[in-house]
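**Student:** Sequence:
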Amino acid sequence: MSRSILLETANAVIESYNTWTPEAVMAYRAPDCIMQILPASLGRQPMNNEQYLAYFTSIMPELRNFHVTVKNTIVDEEARKVAMHASSTATTDLGDYSNEYMLVLHMTEDGKKVVRGEEFVDSKRSTDFLTRLREHLAGKQKEA
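So for the sequence shown, our numbering puts the first residue at 982; every next one is plus one.
Worth double-checking, as some hints may not be accurate.
[To be verified] Taking lysine to aspartate or glutamate pairs in the EDC-like style, the calculated list, with each CA pair at most 16 Å apart, reads:
(1) K1062 / E1004
(2) K1093 / E989
(3) K1094 / E1116
(4) K1121 / E1090
(5) K1052 / E1081
(6) K1062 / E1081
(7) K1062 / D1109
(8) K1094 / E1004
(9) K1123 / E1004
(10) K1094 / E996
Quick caveat, the hints were computed from the structure, so don't treat them as lab data.
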């Protein structure tokens, strides 16, 4: 597998998040793709495409102007893996949002789709934000 194809796919995955639509985010996933948000201490289960789409569409409206910036990329051609250190920013009803990630993308044999993704997040920041977001959404439901 060529380094350039793996990089092209990995960069397209990042750009799909910058586009911030379900169609874009799902476009680079193989039919049997599994995504897991880590570390394991967060208690998040691996998600197939259907589960990930449901998760993504639930958070999508809450994060506006979402943008990912890649800081560093490592490509393993033999294993068909790309690791990326990245950060993101967005705006929310709760104020500015940011997070830091370590992504490991496992690619198909042709390098054009992701078969497995491991997304390590800043666990403290992620937990704090999700707790506040759940409280905010619960308050919105009570008002409705």
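**Student:** Any hints this thing doesn't respect? Which numbers, in order?
**Tutor:** 1, 3, 4, 6, 7, 9
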